[in-house]
Amino acid sequence: MNVFEGQETAQWFRDTFAKVRSEVGKVIVGQDDIVEGVLVGLAANGHILLEGMPGLGKTLLVRTLSEAVDLSFSRIQFTPDMMPADVTGTNVLASSDTGARAFEFRRGPLFANLVLADEINRATPKTQSALLEAMQERGVTVGGVRHELAEPFLVMATQNPIEQEGTYPLPEAQLDRFFFKLLVPYPTKAELAEVVNRTTGSEVATVSKVAHGEDVLKMRHIVRDVPVAKDVLDFGLSIIVATHPTGDGCSAFATRYSRYGSSPRGAQSLVTAGKIYALLEGRYNVAKEDLKKAARASLRHRVILNFEAEADGVSTDQLVDEAIKFAESAQRDPVSV
Amino acid sequence: MTELQSKLKPFARRVRWMTAWKGLAIGALVGGGLALVWAILDWIRVFYADWRGLGLVVGIATLVGAILGFLRVVSPSDLASSIDTRASLKDRVTTAVEEPSKGATFQEAQVQDADKALAGLNPAGLYPVRFGKWQMGAIASVVIAASVFLLGNSPIVRGPKTPSEREELKEIGKKVERVAKPLEKPVNGVEVPASQKKLASELNKFAKELEEGKLNKEEALRKANDMASKAEDEARSLAEETQKKTEEIETSLGKFDKMKLDEAGVSQEDLAKMNLSPEEQASLDQIMREEGIENPKSQFGDKELEQMGASRTAEKLAQLSPQQREQLRKSVAKRQEALQKEMDRIDKLPEAERKKLEKEQQELMKQQQEMQKLSQALKLSEETMKALRELMDSPEMKKLREMMAKMQEKSQQMQQQGKPMSKEDMEKLKQQLEELAKAMKDPKLKEQVMQQLRDALKQLESGQMSLESMQQMMSAMGMEGSQRGQQDPNGDPSVGTDDNFADTGKIVKSDKEMETKGKTTATRVNGEWEDKKGEQWSVTVKAPTQVGNRSSVPYQSVMPKYRKAAEKALSGGKIPRGKEKRVKEYFESLSGGKK
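Chains as they are written, first to last, in the numbering used here: chain A, 836 to 1172; chain B, 7 to 601.
Hints may be right or wrong, so weigh each one.
Said to hold, decoys possible - To give an idea of the chain B side of the interface with chain A (calculated C-beta under 8 Å), a few residues: (1) Leu-85; (2) Ser-87; (3) Lys-96; (4) Asp-97; (5) Asp-121; (6) Glu-312.
Claimed, not checked - Covered by chain B, per the in silico footprint, the following chain A stretches (three or more residues, Cβ under 8 Å): (7) 851-857; (8) 878-891; (9) 906-912; (10) 966-973.
By construction, these hints were calculated from the structure, which means they are not laboratory data. Yeah, the Cβ is synthetic: ideal placement off N, Cα and C, and Gly gets one too.
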């Protein structure tokens, strides 16, 4: 591929991303980082875990996204009594026109391009694991028959940090399957004013379809072609290793506060997100800055703090920041003159 | 080469110069460090330095550092990473220089992007010449080294007290330097021995110390004493070596003589007849004296005789004329007859009287046996005599023995008195050696002894030069001849001007405790001394004694050598007749009557 083709491809990527973002922005006020994070997840073929207080627009964001990208959307409101079949679908006995009866697979809400798993931590671990298995395998198996899920497939799970009673926190292994964990902040006063104006006024924003499922798949393909220098990859891996409590390259901070460090999925997530940020920045290569930018969202749900960290009020974001600092401290100008 | 690589070239060149600049600074820092160590060693007088040497160390280290820095290889990926870091290019160049997978979507676009980013960069701006920590460190180390050297050589901190004294020592230093020069030069193309080289280097060092004012007068005198003592020891040991060498030559000569005797058909049995005991020898000498026959001069050396299987008696008899030998034979026969008569007379006496004279009878028998042995010895065959005479009278052997005797005499002088040979004597010996080499006709003899003689002479010369140099050095320092001593630094002529080495009991004033070297012992003494009271230091230096003073060498250790020399002198007829008995008695008294 020549220079112009490369440039055009990158430009198309940026334009598509910007258009979707702009459309979402018509409905969602503020929350730029969250919108960007969700779009990055979409482009990276990774699921997103959104954590934030109720009423911050999480559901609206996903719904708007499905409208802007012209993708099918379904929402699952998780409750403790929900069963795996409620999520994946089940075989039901159906009679044909001839009167013959046979089992027929009735698809669950998981069979959509964009799935909003609302308050995922309210479901029992059994149901959670059914969802998470589908997220990983991109398909469900019911009655010994495998049913492929639609492509693109993106799960956006939400959980709120309050109302912990009667919830089932996601196990670490399942958390690891989310590409990004985004913390949805409160809107600023100005943003809040805009939200109020938009939602209480007569005008209703309409979202146009600016992209299609094929575009998302193309974006995913483009992302894979962005080159990463060895040096940059090494920096990213240093961040990952620095979150580990033991072993070569672990940071003193992690040794003190980390129980478990990031898994290899963390590294994959970091680099893939880095590639997307690079393209968005108008570059054709991943820079260390891109990895630093992706680090928090990629790693915050992958590192588990120990008791001491909780006692000292250390957050996972702090640990990730320290890991970045540690990796940066090892960076030297190879030509020291 | 890709376009990007060619664009990186100016950066690579710049980096090369900058690494050279850094290497230069590190080299200078290391050089400065080494110079500092040297300056400290100079201060504590372990290894002396000068400006040129220090500058050379710093200069070489700097140059080596710069060269190594210049030659340091920086890989393209390192260079690219460095450019990215310095110019905040967000890893564009690093990614571009890596080999991307062929046909990748962004390969060419990425390279062009990096290319564009590089285009606006100036290598000199990216890698500016800076005065960093290495450069500052280098300057600091050089300055510190120079300061230490300056301070260590400053008259304020050390060295002579007055400028006049400094000038005086400087002059002495120059003289000592002149003394050292001949020691370094090879004589007639012959390499200088290691000991002589060492002495020359010590003298040069001493001269430098004096010239640079690193020693005060007292220290200079002390050091000169130590050096002289060492040189004397060295010369003695060389003289001893010479002595051994001459003995080896004697052995070689003896072998040659033996060969000649064998060729002449001299039997060992015939020679063995003349192996007399010291008592028999003394009796023979006595008879000779009584008959008015002069004791001939000894020709062969001890070792030579030993190798030949001959004795002094054989040598002596071979030197006598046939008439003298006949005279001796008659005298011996007469004595035998008289002894026999006396013994017969005692035999005829009654039993009781004979018993009384038993002791006398035994003595007579002993004398009779001695006479019999002498009589046998006098029957030495004419062939043996002739062969021995030929060996003695051979002109080349005579010259050789003369030279040996001279060398032995000189080496003994060096050993016992620490006296060097005069230059004239040395020249004479060399001349003799050359004449001998020319005169020697017998190739076997020449092969056996010439090299040995040359070696011995070389050693003797080396010792002579060492001693002579020391004498010159002492003379330069105002200490005449071999009377080395520690002069009073305060200028008191009564203290230590002539025989300090013999422990006169005078104390050299010194305010501080001193380390002494060589054959010296430092002693602590109590008592009053001028204005100071309490503990004082005196220095006892062991050296050859002077008349009236106590010796520092136990007589037992030197007596065997002296006794041997005396015996040789006695048997060689070198002691006047009237004094022989006295010499004998003297040595007997020293060894408690025993030999």
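Evaluation of the provided hints:
no. : hint    : in the structure
1   : Leu-85  : holds (6 Å)
2   : Ser-87  : holds (5 Å)
3   : Lys-96  : holds (4 Å)
4   : Asp-97  : holds (4 Å)
5   : Asp-121 : violated (10 Å)
6   : Glu-312 : violated (80 Å)
7   : 851-857 : violated (count 0)
8   : 878-891 : violated (count 0)
9   : 906-912 : violated (count 0)
10  : 966-973 : violated (count 0)
The earlier numbered hints that this structure contradicts are 5, 6, 7, 8, 9 and 10.
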